[in-house]
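Chains as they are written, first to last, in our numbering: chain X, 11 to 400; chain G, 11 to 400.
It is possible that some hints are incorrect.
The list makes no distinction among identical chains, and a pair is therefore deemed to hold if it is satisfied within one copy or across any two copies.
Stated by the list, open to error - 30 Å max Cα-Cα, derived BS3-like pairs, lysine-lysine:
1. Lys215 to Lys316
2. Lys26 to Lys195
3. Lys26 to Lys56
4. Lys322 to Lys56
5. Lys279 to Lys56
6. Lys14 to Lys57
7. Lys14 to Lys26
8. Lys57 to Lys279
9. Lys279 to Lys14
10. Lys14 to Lys56
11. Lys279 to Lys242
12. Lys195 to Lys316
13. Lys56 to Lys195
14. Lys316 to Lys242
15. Lys322 to Lys26
16. Lys322 to Lys279
17. Lys215 to Lys56
It is worth saying that the hints were derived from the structure and are not from the lab.
2 protein chains.
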Amino acid sequence: MRGKPLAAIVSAGLSKFGRRDGFSGRELFAEAALEAFERCPNLDPKKDIGALIIGNMSESFEHQCHSAPIMSDWAGLLPKPAVRVEVACASSGAAIRYGIFAILSGLYDTVMVGGFEKMTHRTTFEATEYLAMASDFPLEQWNGATFPGLFALMATAHMHEYGTTEEQMALVAVKNHHNGALNPKAHLQREVTVEQVLGSRVIAKPLKLFDCSLISDGASCAILTRPEIARKYTDTPVYIIGSGHGTDAIGLYERDSLTSLESIRRAAKEAYEMAALGPEDIDVAEVHDCFTIAEIIAYEDLGFCKPGEGGKFIESGAPTLDGDLPVNTSGGLKAKGHPVGATGVAQLYEIYLQLTGQADRRQVDGCEVGLTQNLGGSGATCIVHIYRRG
Amino acid sequence: MRGKPLAAIVSAGLSKFGRRDGFSGRELFAEAALEAFERCPNLDPKKDIGALIIGNMSESFEHQCHSAPIMSDWAGLLPKPAVRVEVACASSGAAIRYGIFAILSGLYDTVMVGGFEKMTHRTTFEATEYLAMASDFPLEQWNGATFPGLFALMATAHMHEYGTTEEQMALVAVKNHHNGALNPKAHLQREVTVEQVLGSRVIAKPLKLFDCSLISDGASCAILTRPEIARKYTDTPVYIIGSGHGTDAIGLYERDSLTSLESIRRAAKEAYEMAALGPEDIDVAEVHDCFTIAEIIAYEDLGFCKPGEGGKFIESGAPTLDGDLPVNTSGGLKAKGHPVGATGVAQLYEIYLQLTGQADRRQVDGCEVGLTQNLGGSGATCIVHIYRRG
Numbered sequence: 011m012r013g014k015p016l017a018a019i020v021s022a023g024l025s026k027f028g029r030r031d032g033f034s035g036r037e038l039f040a041e042a043a044l045e046a047f048e049r050c051p052n053l054d055p056k057k058d059i060g061a062l063i064i065g066n067m068s069e070s071f072e073h074q075c076h077s078a079p080i081m082s083d084w085a086g087l088l089p090k091p092a093v094r095v096e097v098a099c100a101s102s103g104a105a106i107r108y109g110i111f112a113i114l115s116g117l118y119d120t121v122m123v124g125g126f127e128k129m130t131h132r133t134t135f136e137a138t139e140y141l142a143m144a145s146d147f148p149l150e151q152w153n154g155a156t157f158p159g160l161f162a163l164m165a166t167a168h169m170h171e172y173g174t175t176e177e178q179m180a181l182v183a184v185k186n187h188h189n190g191a192l193n194p195k196a197h198l199q200r201e202v203t204v205e206q207v208l209g210s211r212v213i214a215k216p217l218k219l220f221d222c223s224l225i226s227d228g229a230s231c232a233i234l235t236r237p238e239i240a241r242k243y244t245d246t247p248v249y250i251i252g253s254g255h256g257t258d259a260i261g262l263y264e265r266d267s268l269t270s271l272e273s274i275r276r277a278a279k280e281a282y283e284m285a286a287l288g289p290e291d292i293d294v295a296e297v298h299d300c301f302t303i304a305e306i307i308a309y310e311d312l313g314f315c316k317p318g319e320g321g322k323f324i325e326s327g328a329p330t331l332d333g334d335l336p337v338n339t340s341g342g343l344k345a346k347g348h349p350v351g352a353t354g355v356a357q358l359y360e361i362y363l364q365l366t367g368q369a370d371r372r373q374v375d376g377c378e379v380g381l382t383q384n385l386g387g388s389g390a391t392c393i394v395h396i397y398r399r400g
Numbered sequence: 011m012r013g014k015p016l017a018a019i020v021s022a023g024l025s026k027f028g029r030r031d032g033f034s035g036r037e038l039f040a041e042a043a044l045e046a047f048e049r050c051p052n053l054d055p056k057k058d059i060g061a062l063i064i065g066n067m068s069e070s071f072e073h074q075c076h077s078a079p080i081m082s083d084w085a086g087l088l089p090k091p092a093v094r095v096e097v098a099c100a101s102s103g104a105a106i107r108y109g110i111f112a113i114l115s116g117l118y119d120t121v122m123v124g125g126f127e128k129m130t131h132r133t134t135f136e137a138t139e140y141l142a143m144a145s146d147f148p149l150e151q152w153n154g155a156t157f158p159g160l161f162a163l164m165a166t167a168h169m170h171e172y173g174t175t176e177e178q179m180a181l182v183a184v185k186n187h188h189n190g191a192l193n194p195k196a197h198l199q200r201e202v203t204v205e206q207v208l209g210s211r212v213i214a215k216p217l218k219l220f221d222c223s224l225i226s227d228g229a230s231c232a233i234l235t236r237p238e239i240a241r242k243y244t245d246t247p248v249y250i251i252g253s254g255h256g257t258d259a260i261g262l263y264e265r266d267s268l269t270s271l272e273s274i275r276r277a278a279k280e281a282y283e284m285a286a287l288g289p290e291d292i293d294v295a296e297v298h299d300c301f302t303i304a305e306i307i308a309y310e311d312l313g314f315c316k317p318g319e320g321g322k323f324i325e326s327g328a329p330t331l332d333g334d335l336p337v338n339t340s341g342g343l344k345a346k347g348h349p350v351g352a353t354g355v356a357q358l359y360e361i362y363l364q365l366t367g368q369a370d371r372r373q374v375d376g377c378e379v380g381l382t383q384n385l386g387g388s389g390a391t392c393i394v395h396i397y398r399r400g
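Extracted from the complex, chain X is given alone in its bound form (with noise of 0.2 Å):
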């Protein structure tokens, strides 16, 4: 199925992110949903809903496993079936890839693919401790490790191995604060400087505390259908055309690099030759931007550049809003939040408003292809999609 459609996105909707005092997961997930039905008023969600397909990272944070029938209720589709993904970070990454099964089984001709987290009530030890548990128990969280931990280990890696900077990592800082400020729904929207982000507390070495994204509440949804229905709910869709998903050792310890996500490279190798694309025809692009380093290894296992050059790309303005390859134009994970589980479809959100013009401030003019990665943990998962204009 080289270059077709694998399913069409119709609508999508997101809710405000940030410190959502007040509000649970399912509230937030009901924001999103409304959203995406005021935004498709040709669908009558409960009947032309087949099924939910929700990523959720951590039942800890509000006490609350089997969460998916609750978000079935909360966007008014019972007793439409719902189910859970979980990959960490990529849960709702995932869920759009099974979202995509589920069309292409037959069985679905629309679902609606979603994510949410709650995070902010909980204490920042308590969010720490919850989302160490995507990494490995016994040789990694039984050790202390923490993500920014794991991290700042593949950052001093590739500062060693590459020369990359923490000036090079704070560009990043800097670029995506300033998409974010552009950005209605981000949890922060305000600019940092390289000075800023330098002078910043050290978190885990070299990484510092706005090399880190945020801590957030936030939800996330869009419809999915067939591509030969998908005009009968809309005038401009957007066609998923290339879904790839990698999956690598959880463990550091494991793994043959420490610079390079082999769970990148694999799925973007399997969501390009489906869309019979290569990096060079991305417009807009949305990566994993958990922290600094994250998005430019990023860059260079989705071939944006070559192996190690991550730091001179983002040097070189190509992923700015007016560079050749703008990069987490939403604000990515750093600044428009990491509501760990709603991230993944957060993404496909800010794709699906670039490519349909309603990216307001952020567009990006004339855009036909876009792209998002999303990552579980430090990178046992992996999931990538391709997206085109209809």
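Chain X is fixed; fit chain G onto it per the hints.
Structure of chain G alone, referenced to chain X:
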């Protein structure tokens, strides 16, 4: 696709269920995977299996989410992509369904589905709390509801509405312990009498200790392929010919009935219609007897008997090993054990053994068509599959 095979089971594996001190979830899954591989020498797992879809309920037992890549690793499948699906105790039932979707999508020829849960290293208090997360947090958990309590409400309503008796519920336990005593992989391999069940200590009135399923460790898996290629791998494939998924409100307080589960009826209807069969065609079934009352309700909502007649159905002897429609020949959750995430695929495993004549002392002669029914939580989720001997 009425009556046509959706997928073929070419192999399956099950770890010993029980208190598996010193074994982690990943080791139990490797044990199950090894049996499936040994049973199917024509299959090269690393080459032929395209993806792993794994059911697991709770990150809390082993302080580990993002378990899918770990299971892919421990089954020797890396770098094949892996995803976890979660709908409480129906997690691996859902893994079967999404495994079928993955095959029907045309993207994979062969996938592994499975499930696992490691529970017995936790205290009963901890296990009860983690399991309770599958009920509604704000209105059930918060008010002290636990699963024995929720099913006790259903049992009380059933007794009130239909005159169902504690003796009838006890007969379900007696039957399943009888079958479990014939199953070398069962957690409890010993018979119980009606008197023992009635005399066991009250957990949540009217449910007593022997009305409750077990907290167990265990793992399960199966290898599914496109039906067209099944005979490359085995001379005795089993075809999955129906799949149903029902979802209902999570809280008992939101439902119209306490004596019937809408999710079972919807899942059964979808599966029967897909298989072009009815309850009268089923020769052997594994149903979700998390509590004895749940098996009685399952008889009714699956159409094995009329509403309200589940008590009489077990009294008639119909679901015993020598009856007209043997149910839970494995011993069920009650005696085989209930490592929650493993249960859905463990039910498939028993039906696979039965339909291929490998069930040894539990063999049901001449069975051609089997059914599995896997419940999540107090019934917000139900997954039903129907199988036919190849």
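For this session: Please name the hints from earlier in the document that this structure breaks, with their numbers sorted from lowest to highest.
Result: Hints 4, 7, 12, 14, 15 and 17 not satisfied by this model.
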